[in-house]
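4 protein chains.
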Amino acid sequence: MSAGQEHGRGPDRIRLGMIGGGQGAFIGAVHRIAARIDDQYELVAGALSSNAERALASAAELGLAPDRSYADVDALIAGETGREDGIEAVAIVTPNHHHYPAAKACLEAGIHVICDKPLTVTSDEANELVEVARSRKRVLAVTYNYSGYPMIRQAREMVRNGKLGDIRIVQVEYVQDWLTEPIEQTGQKQASWRTDPAQSGAGGAVGDIGTHAYHLAGFVTGLKATSLCADLASFVEGRVLDDNVSVLLRYDNGAKGMLWASQVAPGNENGLRLRVYGTRGGLSWAQEDPNYLQFAAYGEAPQRITRGGPGSGDAAAAVTRVPAGHPEGYLEGFATLYKEIAEEIRANRNGDSTGAPFPRGEDGASGVLFVEKTVESSKAGAVWVDV
Amino acid sequence: MSAGQEHGRGPDRIRLGMIGGGQGAFIGAVHRIAARIDDQYELVAGALSSNAERALASAAELGLAPDRSYADVDALIAGETGREDGIEAVAIVTPNHHHYPAAKACLEAGIHVICDKPLTVTSDEANELVEVARSRKRVLAVTYNYSGYPMIRQAREMVRNGKLGDIRIVQVEYVQDWLTEPIEQTGQKQASWRTDPAQSGAGGAVGDIGTHAYHLAGFVTGLKATSLCADLASFVEGRVLDDNVSVLLRYDNGAKGMLWASQVAPGNENGLRLRVYGTRGGLSWAQEDPNYLQFAAYGEAPQRITRGGPGSGDAAAAVTRVPAGHPEGYLEGFATLYKEIAEEIRANRNGDSTGAPFPRGEDGASGVLFVEKTVESSKAGAVWVDV
Amino acid sequence: MSAGQEHGRGPDRIRLGMIGGGQGAFIGAVHRIAARIDDQYELVAGALSSNAERALASAAELGLAPDRSYADVDALIAGETGREDGIEAVAIVTPNHHHYPAAKACLEAGIHVICDKPLTVTSDEANELVEVARSRKRVLAVTYNYSGYPMIRQAREMVRNGKLGDIRIVQVEYVQDWLTEPIEQTGQKQASWRTDPAQSGAGGAVGDIGTHAYHLAGFVTGLKATSLCADLASFVEGRVLDDNVSVLLRYDNGAKGMLWASQVAPGNENGLRLRVYGTRGGLSWAQEDPNYLQFAAYGEAPQRITRGGPGSGDAAAAVTRVPAGHPEGYLEGFATLYKEIAEEIRANRNGDSTGAPFPRGEDGASGVLFVEKTVESSKAGAVWVDV
Amino acid sequence: MSAGQEHGRGPDRIRLGMIGGGQGAFIGAVHRIAARIDDQYELVAGALSSNAERALASAAELGLAPDRSYADVDALIAGETGREDGIEAVAIVTPNHHHYPAAKACLEAGIHVICDKPLTVTSDEANELVEVARSRKRVLAVTYNYSGYPMIRQAREMVRNGKLGDIRIVQVEYVQDWLTEPIEQTGQKQASWRTDPAQSGAGGAVGDIGTHAYHLAGFVTGLKATSLCADLASFVEGRVLDDNVSVLLRYDNGAKGMLWASQVAPGNENGLRLRVYGTRGGLSWAQEDPNYLQFAAYGEAPQRITRGGPGSGDAAAAVTRVPAGHPEGYLEGFATLYKEIAEEIRANRNGDSTGAPFPRGEDGASGVLFVEKTVESSKAGAVWVDV
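Chains A, B, C and D, in that order, give the protein sequences. Here the first sequence is numbered in this note's numbering, starting from 15 and rising by one per residue. Here the second sequence is numbered in this note's numbering, starting from 15 and rising by one per residue. Here the third sequence is numbered in this note's numbering, starting from 15 and rising by one per residue. Here the fourth sequence is numbered in this note's numbering, starting from 15 and rising by one per residue.
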């Protein structure tokens with residue numbers, strides 16, 4: 015769509031269910047707003063919480079029919095697959111370790127899956143989900159949401175169009191400070207499960223945010239990492255999982271990369287930043303100021319390309335809702351994935367695919383592998399491992 | 015709401031109609047997305063275009079029932095007031111000169127009105143609307159949307175809490191470049207009506223963006239301008255209305271102000287910026303980077319307060335959807351007004367009011383008066399006039 | 015000179031005297047460092063303080079010969095004009111009211127004068143100095159030092175080369191906070207004389223910093239103000255002179271200007287900023303980040319031109335000492351004036367002039383007139399007056 | 015000194031010689047300006063070029079007496095040690111491979127040495143110089159000039175005062191783009207020797223700029239690196255030495271570090287940036303905007319501390335010449351080292367030392383070791399090596 019046009023197509027909304035995302039959850043609300051922004055979905059069912067009372071209260075608050083608020087995933091599938099107006103797709107927004115069984119059951123029941131990242135806790139699980147989605151011909155999307163930002167699309171397009179030449183250097187970082195102190199020991203819910211290997215898997219910061227950074231670098235550059243050397247740290251006393259992640263990367267074309275992820279860097283809120291340099295130019299983007307892309311052709315004055323402004327191209331325009339100078343943010347970027355997934359689901363009805371760039375099962379599996387390999391590398395003394 | 019919670023209350027949505035906002039309009043789509051974000055409205059009817067064909071096509075695209083797509087405002091009112099599930103509120107998103115008749119008819123029919131700015135073309139019209147809304151006990155809201163940004167709420171709260179001491183200086187500007195060349199002569203739709211006195215009223219840039227700046231300054235500081243001296247220019251050949259606006263202001267407490275609005279300043283997209291200085295501190299905010307508020311207590315190091323971060327208080331938290339570091343933008347700020355208006359409409363059912371700070375009819379009238387007075391001052395040679 | 019080359023010409027230094035600038039003074043030290051940076055001067059004499067003891071101590075500290083430390087201006091002139099190696103030029107760095115008599119006496123004695131701004135306290139005095147310099151064929155320079163910054167030279171060159179097209183809008187501001195409270199009542203030396211009409215003249219902030227802003231706008235744009243409307247305020251209780259200055263300006267080519275100067279805006283240290291917009295482009299510069307110039311050609315992505323980087327031209331290169339990315343600052347900008355003045359003095363020996371753009375007596379007189387006219391306008395109720 | 019005071023002490027200047035730095039050299043002019051700014055030195059002799067003609071012309075331009083322009087280092091030492099007014103100190107500003115013999119000869123002749131970095135080409139040479147300086151009781155200074163910036167002194171002081179708590183993370187980078195293309199093959203002088211192992215030593219970018227980054231990190235944090243893992247690249251075809259440097263670091267207190275240096279990253283001029291995070295707070299500084307220090311105490315709003323502004327302490331004030339808001343730059347930071355070295359030389363006359371933090375021989379040797387170890391690590395496949 016172009017600026018000032020709406021993405022919405024109210025008349026043909028996808029019927030959506032949600033697993034997880036009951037009261038008190040952060041990311042469930044984000045998914046719901048994202049699904050609403052372009053009016054492509056109608057949330058009609060849910061298994062919103064393993065706590066039955068909270069599940070019902072959450073459903074009521076959201077206006078779900080009481081009989082479509084289910085106790086668990088199995089009940090959701092059973093109830094919805096028996097209805098003519100049953101859900102076509104499900105959003106999975108639970109802690110990590112529930113992703114795999116929920117996604118598998120839904121895909122096998124013929125329900126498209128939109129899963130939060132990381133896709134699963136192990137690579138085996140992730141690969142299996144990819145295979146199930148393939149064999150059942152269902153959409154499996156993973157919400158590496160930062161890939162939905164217009165200026166990330168712009169960056170990707172510029173790389174593809176050769177504006178940077180051959181890529182030599184990839185610098186990516188994702189820096190926060192909210193785990194600087196051991197707040198998981200005070201019962202803070204978000205911190206508790208994210209620092210617990212039983213719920214998060216083998217990666218702490220590397221799984222929670224490092225995978226976002228890793229995906230974004232690949233999304234923009236189109237490069238594949240071939241090996242890495244990772245030094246993980248758990249700085250906070252009593253913390254089992256990593257809270258600081260330093261990685262050297264080598265890419266398939268010979269490019270070199272560095273990736274830093276941290277949740278113990280005071281003064282940083284959600285500092286995802288990407289810089290890419292090639293033989294002809296360089297670019298820089300920061301999630302906290304997402305409407306800008308810094309670009310410098312070698313030998314020319316650096317430019318600030320704004321979403322919708324001069325120099326901003328088709329790829330960004332396709333995912334933009336408001337004119338230049340009217341900032342879009344995190345929710346809009348997230349909504350773009352939801353919109354692209356809706357279009358993919360519609361294409362899927364005809365056995366087709368849009369080819370839209372939203373992250374899919376393979377990207378999710380690649381992220382899980384990244385977590386495994388960084389942990390493997392670090393445990394062996396920060397040695398190089400193939401990816 | 016607090017970060018990570020949703021504003022929505024799907025089960026009790028306000029039934030909304032829309033006047034204007036058919037295909038090709040910019041601000042209509044914005045209002046619709048804003049109404050959807052917090053799930054407080056259901057768009058069910060519209061008089062979307064004076065062009066019958068476009069009206070129908072637009073309605074179909076939005077999923078409106080064909081019998082609820084009306085040819086004009088009168089038909090809309092006639093159709094909807096006769097239904098049990100008729101609209102309770104209407105969003106008016108036409109060019110300026112249609113605001114007054116549409117709003118008046120709706121209010122008189124008992125329909126709450128959400129009107130884009132400027133409220134009307136003349137002060138008399140605006141005052142009349144305020145009076146009609148008062149006597150009919152209906153909500154009359156004006157979408158000075160920038161007042162919905164969380165960090166603007168934060169700024170307002172800090173002024174009220176005395177963090178700046180007594181206000182001495184108010185500097186506000188709203189700077190664009192899209193009218194640098196006479197694009198209205200090429201048929202560009204947005205430019206054409208905005209530069210046409212018959213559709214826009216007596217003000218050009220001063221009405222289109224100057225009123226936003228004027229409102230924002232008053233919204234944050236709580237001060238009232240008592241007199242002004244304005245020097246308007248129409249730089250582009252053949253342009254009748256102003257495209258550059260320079261104003262000196264004096265406020266009721268003795269503070270001094272400067273306001274600059276321009277649509278011919280190359281390199282500026284939507285540069286609304288506010289700076290306020292008092293005896294104890296100063297603050298600065300820019301619409302294009304809306305998640306930050308720069309604050310300096312006199313004699314202390316300047317701080318960057320982020321939406322949801324340290325130093326960000328209750329007023330901002332109340333209108334925030336996602337955590338610090340996850341940027342919200344233009345649409346979310348707009349959505350906040352829609353949410354507050356929904357709550358006001360519900361309170362209104364009980365003869366009550368929330369007292370929420372969204373802009374109301376009086377603010378709209380004040381903006382129209384500002385346009386009239388700047389034009390009056392400038393025509394007289396840029397002399398001081400009372401407001 | 016080009017980057018990495020030195021401006022210096024040690025072998026042919028100008029012999030310099032200084033009036034004012036003894037221990038405890040701020041601007042005297044600045045002048046001395048500026049004179050040293052390019053090695054074009056040798057400080058050999060001074061009347062450094064009206065306090066004899068401080069004068070001697072200051073001279074000793076600076077390595078002046080004791081017999082060339084004089085009690086006052088008359089003694090300086092008498093002593094130096096009698097020597098074969100007497101001073102050729104003098105730097106006047108006293109409070110404002112001493113500028114006129116000192117400069118006049120030196121010029122009449124055939125000594126070139128480098129005078130801090132404002133040149134004098136009244137226009138009559140300033141015009142007289144210009145005339146004396148002319149008739150005696152001596153250099154009269156005024157240190158509007160901000161005109162020495164390389165990116166200001168770049169901005170001026172871009173305006174001259176038509177990169178901005180016809181200038182329409184000039185926005186300039188100079189904002190500080192150090193007089194937010196009545197520190198002059200505590201005996202702070204810098205504040206005391208600057209807020210005292212007997213020493214400063216009729217202008218407070220307008221004379222101290224407003225004149226810098228006014229000069230800079232004219233220096234870059236080449237435009238002349240034809241009329242102005244000024245609203246001065248003295249916000250701090252007990253303060254006689256203005257501490258906040260709001261001015262509307264009209265320029266000879268039809269351009270409009272706004273000038274804001276304040277010394278009571280908390281959070282601002284030395285915030286001189288200039289923005290200029292024309293039919294083809296716009297630029298923005300800020301003194302506190304002086305190595306950058308923001309430039310946008312209309313319809314193209316905004317560029318950040320750096321001193322010495324791509325897009326930076328000959329005018330900037332001519333006054334640059336170190337390569338791009340190695341920041342130059344306040345002292346280097348000041349030094350550039352000193353270097354240009356040295357070259358002018360050498361040219362003057364042959365009855366010649368370099369035509370270099372350092373500010374001269376006429377610019378100083380123009381600044382004094384600006385102060386007089388803003389005060390006149392404001393006293394009459396902020397009415398328009400011709401300049 | 016405090017703001018507004020001068021560092022100078024003209025009457026007791028150090029007599030200085032220079033080795034290298036003839037016409038066309040960049041860094042020689044920088045050293046000379048730096049030496050002049052605070053008036054602590056008098057340049058009286060030189061062996062400015064191995065090209066006799068250029069040496070003489072350069073000397074004349076600088077105002078040296080013809081008989082004190084020497085053909086080589088030996089002649090300089092012979093000539094100057096025979097004079098009563100001979101040089102006390104020498105600045106060595108040649109390509110790297112000349113540093114060692116020149117420094118050694120001067121130190122052995124009793125002349126204090128100010129040497130550009132890297133100190134030598136090998137660790138053995140560096141260690142020997144340190145030993146010679148020690149045994150001859152002479153000052154051996156190395157111009158890691160970025161340690162002279164006031165806000166770097168401020169950062170160091172804040173770390174020492176515990177404002178950051180225990181340091182966990184050190185992120186440092188030094189990024190340029192001037193070697194993006196093989197300009198050394200076109201005869202560009204600066205590029206030619208820096209990419210030639212015979213003149214530069216084993217390190218390319220790592221020696222030229224990586225050592226600056228490495229020194230700065232240690233200077234501010236007080237930590238010592240114990241091991242490193244480095245991946246060097248030579249991206250430009252035909253280039254022997256590295257032009258991109260990725261290093262993981264481990265520090266003696268358990269902190270983790272990442273260091274990136276590149277000369278092939280388009281859009282970067284001289285991007286030296288340091289970020290340090292501890293248990294209580296974090297800070298960030300960038301060389302291209304050197305007058306600001308970003309600081310965030312954990313849980314508080316981030317602050318921008320300016321040189322001389324609120325929150326800026328004694329260590330910064332001691333090396334500051336002008337008030338807050340009046341930017342100092344590269345040359346002033348360099349001048350601060352020269353001033354501290356001058357004071358050290360005076361103290362040395364009495365067998366004393368000031369203990370000032372300017373970099374000394376040991377720091378130079380540490381930098382050379384860093385180059386050696388990164389090359390060793392990288393050659394072995396980017397494995398960990400002890401430092």
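One or more hints might be untrue.
Heads up, the list lumps identical chains together, so a pair's fine if it works in one copy or across two of them.
To be verified - DMTMM-like, lysine to aspartate or glutamate: derived pairs with alpha carbons at most 20 Å apart:
hint: 1; residue 1: Lys387; residue 2: Glu142
hint: 2; residue 1: Lys177; residue 2: Glu314
hint: 3; residue 1: Lys393; residue 2: Asp180
hint: 4; residue 1: Lys118; residue 2: Glu171
hint: 5; residue 1: Lys238; residue 2: Asp26
hint: 6; residue 1: Lys118; residue 2: Glu139
hint: 7; residue 1: Lys151; residue 2: Glu171
hint: 8; residue 1: Lys151; residue 2: Glu122
hint: 9; residue 1: Lys238; residue 2: Glu358
hint: 10; residue 1: Lys118; residue 2: Asp180
hint: 11; residue 1: Lys177; residue 2: Asp88
hint: 12; residue 1: Lys387; residue 2: Glu195
Bear in mind the hints are in silico, worked out from the structure with no lab data behind them.
Hint-by-hint comparison with the structure:
Within a single copy, lysine 387 and glutamate 142 get their C-alpha atoms as close as 18 Å, which meets the 20 Å cut-off; across copies the closest is 44 Å, which misses it. Taking the shortest alpha-carbon separations for lysine 177 and glutamate 314, both the intra-copy value of 12 Å and the inter-copy value of 17 Å come in at or below 20 Å. Within a single copy, lysine 393 and aspartate 180 get their C-alpha atoms no closer than 33 Å, and across copies no closer than 24 Å, so neither meets the 20 Å cut-off. In this assembly of identical chains, lysine 118 and glutamate 171 lie within 20 Å of each other by CA distance neither inside one copy nor across copies; the values are 34 Å within and 49 Å between.
For the homomeric pair lysine 238 and aspartate 26, neither the shortest alpha-carbon distance inside one copy (37 Å) nor that between copies (49 Å) is at most 20 Å. Within a single copy, lysine 118 and glutamate 139 get their C-alpha atoms as close as 9 Å, which meets the 20 Å cut-off; across copies the closest is 62 Å, which misses it. Taking identical chains as interchangeable, the C-alpha atoms of lysine 151 and glutamate 171 are never at most 20 Å apart, the minima being 29 Å within one chain and 53 Å between chains. Within a single copy, lysine 151 and glutamate 122 get their C-alpha atoms as close as 10 Å, which meets the 20 Å cut-off; across copies the closest is 56 Å, which misses it.
For the homomeric pair lysine 238 and glutamate 358, neither the shortest alpha-carbon distance inside one copy (25 Å) nor that between copies (53 Å) is at most 20 Å. In this homomeric assembly, lysine 118 and aspartate 180 never come within 20 Å of each other (Cα to Cα): the closest approach is 40 Å inside a single copy and 45 Å across copies. In the homo-oligomer, the alpha carbons of lysine 177 and aspartate 88 never lie at most 20 Å apart, since the shortest distance is 50 Å inside one protomer and 53 Å across protomers. Within a single copy, lysine 387 and glutamate 195 get their C-alpha atoms no closer than 27 Å, and across copies no closer than 35 Å, so neither meets the 20 Å cut-off.
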